[in-house]
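Asks: Spelled out from the first residue to the last, the chains are:
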Amino acid sequence: MILAIEQLGKRINQRATLTEISFTVQPGQMVGVVGRNGVGKTTLFRTINGQCLPDSGHVLVAGHDLQREPAYRTQLCFIDPLANYFRGATIQEVRRDYQAAYPAFDQAKFDQLITRYQLVPNRKLRHFSKGNFNLFLIILAVATNAPYLFLDEPLDGLDVLVRKNILSILIDEVAGGQRAILLASHNLAELEGVVDRALILKDGRLVNDYQLETMRAQARKVQLVYRDKQVPKLLNTAGRIVHVSGRVIIVVFEHYTPELAAQLAATEPVFQEELPLSLTDLFLANLTDQADYELLA
Amino acid sequence: MTKRTIWKLLWRHYRTLLLSVIGIQILVGIREGITVLEYRLIPRGGFTFASVSGWRLAAAALIFFAVGLAVFLMDTSTHFNQYLFSLPVARRKIFRVKMGLIAASLVSGYLLMEVAYGLVINNRLAKYHAYWDWSVAWKLELVQLSMLLALSLLGMTFGLWLGHLLAGVIFGTGFACSLVFAYDALNRLVAAALGVSVNQARWLESIDARYWPGLVLAVGLLWLVSVGLYGLDAWAFDHLSLENDQEFFRFPSLRPVALWFSIIYLMITISCSQFGLGLLQLLTNQYYEVMPLSLGIVMAVLVGYGTWGLGRWFLYRPDHFRRAWTMKKIS
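Read top to bottom, the protein sequences are chains A and B. Under the UniProt record's numbering, the final residue of the first sequence carries the number 297; numbering is consecutive throughout. Under the UniProt record's numbering, the final residue of the second sequence carries the number 331; numbering is consecutive throughout.
Hints should not be assumed to be uniformly reliable.
[Unchecked claim] Cut-off 20 Å, straight-line C-alpha distance, at most; resulting in silico cross-link-like pairs (EDC-like, lysine to aspartate or glutamate):
hint	chain 1	residue 1	chain 2	residue 2
1	A	Lys233	A	Glu259
2	A	Lys109	A	Asp172
3	A	Lys124	A	Asp80
4	A	Lys202	A	Glu268
5	A	Lys164	A	Asp209
6	B	Lys93	A	Asp203
7	A	Lys229	A	Glu192
8	B	Lys8	A	Glu93
9	B	Lys93	A	Glu69
10	B	Lys3	A	Glu153
11	A	Lys164	A	Asp203
12	A	Lys229	A	Glu254
By construction, these hints were calculated from the structure, which means they are not laboratory data.
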């Protein structure tokens, strides 16, 4: 059962927030949705899940258009951490509502996780700390048994131990091969090692769709030092500069080939070293624009 | 997801509000019954529920309108729609169940209020040589109930189309109250157009719902209004996109329609009604019968401009107050 997003477009306040977004997700994937503040990550999740209406495009689950066949919404679960009615409700009340909406709701799993994290079932959620509230949202989403989970900044405000536990829950869910999780987060360090794919959004467009394993095999992050402060053209044309400090330049090359290595050697750097490539580097490489570059320089 | 499941789900969510409203209506019924007995307001002969209905009707009107307004406004402010719109069911179906639940609760509350009222005075009717006139009572009840449902739908329209809690309450209440003046203004315009007196133009008041033709006409008109409002609300619920939740008006593409409707409505309602003419009389110290037409036109233009500026300010740019009053394009 594939989730396909086709040419999704959305304008807010006469500004294109999402433009022709297309991608597919299959169960068994952990996908990071990465982008700068206000780029449209939350809007993307809200639009896919029917809370915001798209101006164009479709969301298909196993080939069924969700707008025409809303019954397939049980395959998707997005609980908006910012806009939900939970504050005045108790855990049990919310559980009842989601049980009604998701026929495959796993109450045993829900109860087990609630007990494990010592959340009080009859307490109003407005009395919960930010971390516990976020934790509850994740438990609820996991318990719906929806094959596609959308989590917006899910680890925000959680302490290290809970964060670790939550990540292990999410990884277990995906490892079964029956579910896919899409995570939108600013905290790239948290996504590192968890997601196996990264969708990079820029100006409302999907600019890159990285399979991280392939990317790590192909790409290189190289630190270079030159005699003077002149940046060789090759660094800008073949790679993306992510950091400049004096004469030290750090560049990400997405397609690092032996030919490129030879061309790089021809620029005569006084020092050259390969550094470990992280998701943050990909983020910087894709989303750093001219203004940021000037700042870096 | 079955209709029953949605019904149960919505009932759980709204039950506190709806049960409170039913309770209040029953109390109002009992209270009015006691008042009728205390002040001996029962005339001899045929007695209907509508014979004495001041408090009950006022309370019911207030409750029907307030509940209609509150249910949708609350769902916006508490983000309950976020949940509703993610349900695996068409929005239209949710809307139908929601409307059914609200209407059923309001009608039940109204009927229970009438029953409570009837029970309180029933035993004393014989003492006053009065009896229930059922042949008329049900007709008047039907008209009242139809009117109350139309009022409730009007409240829902404001609750659904406006995203701001306070604005929804103020504008909804303002509009509902202004309908009296709009009706008066319309009569005056019709009278002027047909060359008849204003009283002759007030044909709505001559409808007597105690007789079949009047009943059919009154109920037909009220249901026509209700169906129109229902259609409007059903369309709105289907086309709600929640990024506009915090906007004053939740359908940005229809802003020009809302603006021009407000301008025309207020120009007619204020300038052509007893209210506007009375206001003009007060300002110019002249009887409106002898006032020159140009004065009325000036007033209409001023009202139109005022609505233009305020409308553009509210609808388009709350952060550009001064610009809203100019003729420049605003977006």
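Asks: For every hint, state whether the structure bears it out.
Replies: Tested hints:
1. A/Lys233 - A/Glu259: 16 Å, holds
2. A/Lys109 - A/Asp172: Holds: A/Lys109 and A/Asp172 sit about 13 Å apart, inside 20 Å.
3. A/Lys124 - A/Asp80: 18 Å, holds
4. A/Lys202 - A/Glu268: Cα-Cα ~34 Å, so violated.
5. A/Lys164 - A/Asp209: 26 Å, violated
6. B/Lys93 - A/Asp203: 36 Å, violated
7. A/Lys229 - A/Glu192: 32 Å, violated
8. B/Lys8 - A/Glu93: 13 Å, holds
9. B/Lys93 - A/Glu69: 13 Å, holds
10. B/Lys3 - A/Glu153: Roughly 34 Å separates the two Cα atoms, so the pair is violated.
11. A/Lys164 - A/Asp203: Roughly 32 Å separates the two Cα atoms, so the pair is violated.
12. A/Lys229 - A/Glu254: Judged against 20 Å, a Cα distance of about 24 Å means the pair is violated.
Consistency with the previously given hints fails for numbers 4, 5, 6, 7, 10, 11 and 12, ordered from lowest to highest.
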